[in-house]
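Turn these sequences into a full structure, and let the hints guide you.
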Amino acid sequence: DFSPCLLFSRRRAPAREREEESKRTTTTRGEIPRRRRRRRQRGETFGARAFVPPNRERERELVRGDPRNRSSRRRRRRPLILLLMFFHVRREKNVVLEPRHFGARMKDVIMEKIKLEMEGTCSGRYGFIVCITHIENVSEGIITDDGTARAKFEVEYDCVAYRPFKNEVLDAVVTQVNKFGFFAEAGPLQLFVSNSLVPDDVKYVTDENCYKSDDGQITIGVDCEVRVKIVGMRIDANDIFCIATIKEDYLGLIGYAEGDAAAGAV
Amino acid sequence: TTTTTTTEPEACEHPAFVFGICVHCGRRAETTTTTNKTNKTDADVPDNDDDDDDDKKEENGKTTAVRYLHEGLTVSDKLLREAKREERKATLKQGKIFLVLDLDHTVLNSCRFDEVNDEERATLDAKVAKREEEDELRKTLLGMVGSGNGRGGRRPRFPDLYRLSHFSTYTKLRPYVFEFLEAAAKICRMHVYTMGDKNYAHEMASLIDPEGKYFHGRIIGNSDSTCSKTKDLDIVLGGDDCTMIVDDTSRVWPRHARNLIRVDRYHFFRKSATSFREMEKSSVMERGLDEGEAEEEGAPAKHREVLKDVLAVLTVAHRMMAFSDSGDDGGDAREIRDHKDVRKVFERNNYEAREGQNGEKVDDEGGRDPSSSLLFLKGCVILPSGITPSNDERPDRHPLLLIAVGLGATIATAMNDNVTHVLARSDNTEKVKWGRKRGLFIVNGNWLRECAMQNAKLDEHNFATLQ
Chain A
32 DFSPCLLFSR
42 RRAPAREREE
52 ESKRTTTTRG
62 EIPRRRRRRR
72 QRGETFGARA
82 FVPPNRERER
92 ELVRGDPRNR
102 SSRRRRRRPL
112 ILLLMFFHVR
122 REKNVVLEPR
132 HFGARMKDVI
142 MEKIKLEMEG
152 TCSGRYGFIV
162 CITHIENVSE
172 GIITDDGTAR
182 AKFEVEYDCV
192 AYRPFKNEVL
202 DAVVTQVNKF
212 GFFAEAGPLQ
222 LFVSNSLVPD
232 DVKYVTDENC
242 YKSDDGQITI
252 GVDCEVRVKI
262 VGMRIDANDI
272 FCIATIKEDY
282 LGLIGYAEGD
292 AAAGAV
Chain B
10 TTTTTTTEPE
20 ACEHPAFVFG
30 ICVHCGRRAE
40 TTTTTNKTNK
50 TDADVPDNDD
60 DDDDDKKEEN
70 GKTTAVRYLH
80 EGLTVSDKLL
90 REAKREERKA
100 TLKQGKIFLV
110 LDLDHTVLNS
120 CRFDEVNDEE
130 RATLDAKVAK
140 REEEDELRKT
150 LLGMVGSGNG
160 RGGRRPRFPD
170 LYRLSHFSTY
180 TKLRPYVFEF
190 LEAAAKICRM
200 HVYTMGDKNY
210 AHEMASLIDP
220 EGKYFHGRII
230 GNSDSTCSKT
240 KDLDIVLGGD
250 DCTMIVDDTS
260 RVWPRHARNL
270 IRVDRYHFFR
280 KSATSFREME
290 KSSVMERGLD
300 EGEAEEEGAP
310 AKHREVLKDV
320 LAVLTVAHRM
330 MAFSDSGDDG
340 GDAREIRDHK
350 DVRKVFERNN
360 YEAREGQNGE
370 KVDDEGGRDP
380 SSSLLFLKGC
390 VILPSGITPS
400 NDERPDRHPL
410 LLIAVGLGAT
420 IATAMNDNVT
430 HVLARSDNTE
440 KVKWGRKRGL
450 FIVNGNWLRE
460 CAMQNAKLDE
470 HNFATLQ
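Going down the list, the protein sequences come from chains A and B.
Residue numbering for the first sequence follows our numbering, starting at 32 and increasing by one per position.
Residue numbering for the second sequence follows our numbering, starting at 10 and increasing by one per position.
Derived by calculation from the structure, the hints in this document are not laboratory data.
Be careful, since some hints might not be right.
To be verified - What follows is a set of in silico ranges between Cβ atoms, one per label pair, in the way DEER data are often shown: (1) B:175 with A:127: 30 to 36 Å; (2) B:20 with A:171: 58 to 64 Å; (3) A:129 with B:90: 30 to 36 Å; (4) B:20 with A:266: 23 to 29 Å; (5) B:398 with A:151: 29 to 35 Å; (6) A:134 with B:237: 53 to 59 Å.
To be verified - Okay, derived cross-link-like pairs now, SDA-like style, lysine to any residue, Cα gap no bigger than 25 Å in a straight line: (7) A:210 with B:243; (8) A:234 with B:324; (9) A:197 with A:218; (10) B:102 with A:244; (11) A:234 with B:224; (12) A:138 with A:149; (13) A:210 with B:74; (14) B:93 with A:138; (15) A:234 with B:204; (16) A:210 with B:204; (17) A:243 with B:204; (18) A:234 with B:92; (19) A:197 with B:105; (20) B:195 with B:324; (21) B:93 with A:206; (22) A:243 with B:98; (23) A:243 with A:268; (24) A:210 with B:475; (25) B:98 with A:250; (26) B:98 with A:232; (27) B:105 with A:240; (28) A:234 with B:222; (29) B:105 with B:122; (30) B:207 with A:209.
Predicted, not measured: the structure shown is a model, and the values here were computed from it.
Note that CB positions come from ideal geometry on N, CA and C, so glycine has one too.
Okay, structure coming up:
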């Protein structure tokens with residue numbers, strides 16, 4: 032379902048990880064200031080400029096120009112974002128527990144509650160919360176003074192967040208096709224690819240409700256897999272919606288629905 | 010192939026917006042044009058100018074919300090016009106016209122659980138159970154999907170009666186609806202446009218179209234209209250001049266009265282009849298006889314099957330559209346121009362009147378009238394009696410009268426000397442007696458229907474039986 036994501040758990044190898052991090056933060060433009068590096072280590076920064084793709088070999092392949100040639104290196108415009116939509120984020124939440132849960136299993140109950148409430152939600156800042164990995168710290172409970180004897184806990188927890196970026200390339204599954212474009216889903220994220228951002232030789236066929244290319248090689252219908260590039264995003268407090276394109280090179284159909292012969296032609 | 014890596018936001022013409030962002034460049038809708046919302050309250054009948062604004066239709070850059078395709082999708086005028094033009098061309102090329110179908114009281118009748126009293130509920134539940142049992146039996150025997158429609162054997166009493174618990178309604182489909190859809194699908198591209206809400210619309214559409222092959226998601230509910238109290242063809246992807254509308258009220262189509270076929274309301278449930286202030290015991294459940302059913306074998310049906318008449322109207326319209334055979338490939342533009350206006354087919358009254366006035370053959374189709382051979386009822390003057398109720402707003406949109414006009418006849422409004430036929434339903438009206446005295450042809454509605462379906466003028470004596 033989701034593409035593989037490396038989770039650097041902070042408890043496992045802190046020293047080695049910090050070393051790797053510090054190596055990665057040097058860019059051709061100079062070192063990232065310390066303030067930003069700290070936030071990077073906590074996994075809290077986003078944005079094109081703060082990021083350098085960890086895998087520099089892949090970056091070299093994709094960027095124009097010979098990497099050995101210094102003048103072409105200067106010509107690099109902007110770094111490409113590769114596979115960096117998943118983040119391990121530390122967040123805080125206040126959980127209110129009723130007295131019947133006080134006891135040995137209190138931490139478990141808190142974990143359950145947080146899982147129930149936060150998994151599947153979306154915030155504009157962090158993106159979609161996909162999974163709560165573990166509870167880092169639970170504060171001491173403070174009895175609320177509204178007369179119900181409930182206790183309020185401040186919980187710090189780690190979770191995997193999924194947030195898309197502009198110009199990111201990702202794979203999606205088509206959910207609905209209509210005359211003006213098609214809607215697709217990449218996990219919890221909804222995208223729309225408009226008719227104008229589909230290659231000119233691929234047109235909508237009304238009777239079959241799909242997009243077909245003139246030479247018949249490409250048919251994009253419901254449940255097909257496509258590779259899209261995000262062009263615009265709308266970020267609310269509670270929702271993210273993206274506009275994408277398949278008009279560029281290497282984008283487009285990569286697989287048919289399950290059960291059909293997998294003939295991924297691009 | 011040229012690939013655009015960045016779309017300049019300034020040059021983008023914002024063809025459509027989804028949830029407020031432009032689908033081409035990603036900019037927000039508010040930053041592109043100045044907001045121009047007006048605060049008009051809902052008028053019952055909007056005026057006839059083109060930019061009808063309402064709180065549902067955005068005036069920002071003049072976009073229209075096409076909500077039935079997907080929630081949040083708004084399309085600019087230019088793109089909508091192009092899309093309509095394309096759909097119209099493609100459909101006409103296939104040899105079909107557009108049909109917009111209403112649901113309530115037109116092809117079905119629904120009643121909530123709390124609107125039936127206890128004894129009715131008992132009867133209805135029994136019938137539903139019986140129908141489901143028969144369906145199961147039929148499915149196992151013949152492998153057929155769908156409710157009883159008389160094909161598999163003896164027609165069960167009140168087939169097509171459904172009980173939907175999740176909507177708390179009973180629904181009864183009008184007789185002949187499945188055959189109508191099957192036949193209409195061959196000559197029309199169909200849409201559903203109802204004043205019910207979206208869930209209800211989809212549920213009912215799945216009842217009449219279980220395989221989803223007639224409508225393909227072209228289902229429009231009340232929240233998808235641009236104006237909340239009326240219906241309009243602006244969000245239907247088709248053309249005004251090749252669309253027929255089937256609806257039981259003409260009030261909801263203020264701008265498209267010329268496309269409308271106004272059918273009589275289908276009242277199955279007692280509550281439905283009383284809420285429309287019909288006569289006592291006029292609902293189907295109370296009188297016991299459905300449309301198209303006869304009291305005893307061999308007798309004519311007491312109430313007409315209205316959907317058969319509608320199908321006849323559509324057949325006439327389709328025939329008159331003069332779809333040319335796919336002989337010439339290069340005449341694409343000429344084909345489109347040659348297609349007639351389906352509204353003019355049913356306004357031949359005016360045509361005849363104009364011809365009479367000038368005394369010469371006035372032809373507004375550019376000198377050709379290839380369908381004049383199809384107007385085999387030319388010269389007939391028909392006086393309807395008891396066909397349309399007296400309080401009808403648009404009596405000329407009744408299916409039988411439309412067939413008559415479409416086949417070249419003229420409709421008379423009073424008893425005068427030109428009348429050649431009297432079209433009646435029951436035997437003892439004044440006009441029928443007058444016609445008999447003068448030796449005119451007395452015909453029932455089946456004459457017009459069969460003339461339309463068989464494309465020939467049939468002998469009136471075969472259709473002279475009235476109730």
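**OP:** Starting from residue 234 of chain A, check that the Cα of residue 224 of chain B is at most 25 Å away, please.
**Re:** 21 Å, holds
Original post:
Holds or violated: 23 to 29 Å for the Cβ distance of residue 20 of chain B and residue 266 of chain A?
Top reply: 24 Å, holds
Subject >> Holds or violated: residue 234 of chain A to residue 204 of chain B, with C-alpha atoms at most 25 Å apart >> reply: Cα-Cα ~33 Å, so violated.
Original post:
Within 25 Å, alpha carbon to alpha carbon, are residue 98 of chain B and residue 232 of chain A?
Top reply: 19 Å, holds
**OP:** Would you check the hint for residue 197 of chain A and residue 218 of chain A, treating anything up to 25 Å between C-alpha atoms as holding?
**Re:** Roughly 17 Å between the alpha carbons, so the hint for residue 197 of chain A and residue 218 of chain A holds.
Original post:
Between residue 93 of chain B and residue 206 of chain A, is the straight-line Cα distance small enough, at 25 Å or below?
Top reply: 24 Å, holds
**OP:** State, for the Cβ atoms of residue 134 of chain A and residue 237 of chain B, whether the hinted interval 53 to 59 Å holds or is violated.
**Re:** 55 Å, holds
**OP:** Would you check the hint for residue 98 of chain B and residue 250 of chain A, treating anything up to 25 Å between C-alpha atoms as holding?
**Re:** 22 Å, holds
**OP:** Evaluate the given range 29 to 35 Å for the C-beta pair formed by residue 398 of chain B and residue 151 of chain A.
**Re:** 56 Å, violated
Subject >> Distance restraint between residue 243 of chain A and residue 204 of chain B, which requires alpha-carbon spacing of 25 Å or less >> reply: The given pair, whose Cα atoms are some 34 Å apart, is violated under the 25 Å limit.
**OP:** Could you grab the alpha-carbon distance between residue 197 of chain A and residue 105 of chain B and see if it respects the 25 Å cut-off?
**Re:** 44 Å, violated
Original post:
CA of residue 234 of chain A to CA of residue 324 of chain B, is that 25 Å or under?
Top reply: 32 Å, violated
In this structure, the hints that do not hold are numbers 3, 5, 8, 14, 15, 17, 19, 23, 24 and 29, in rising order.
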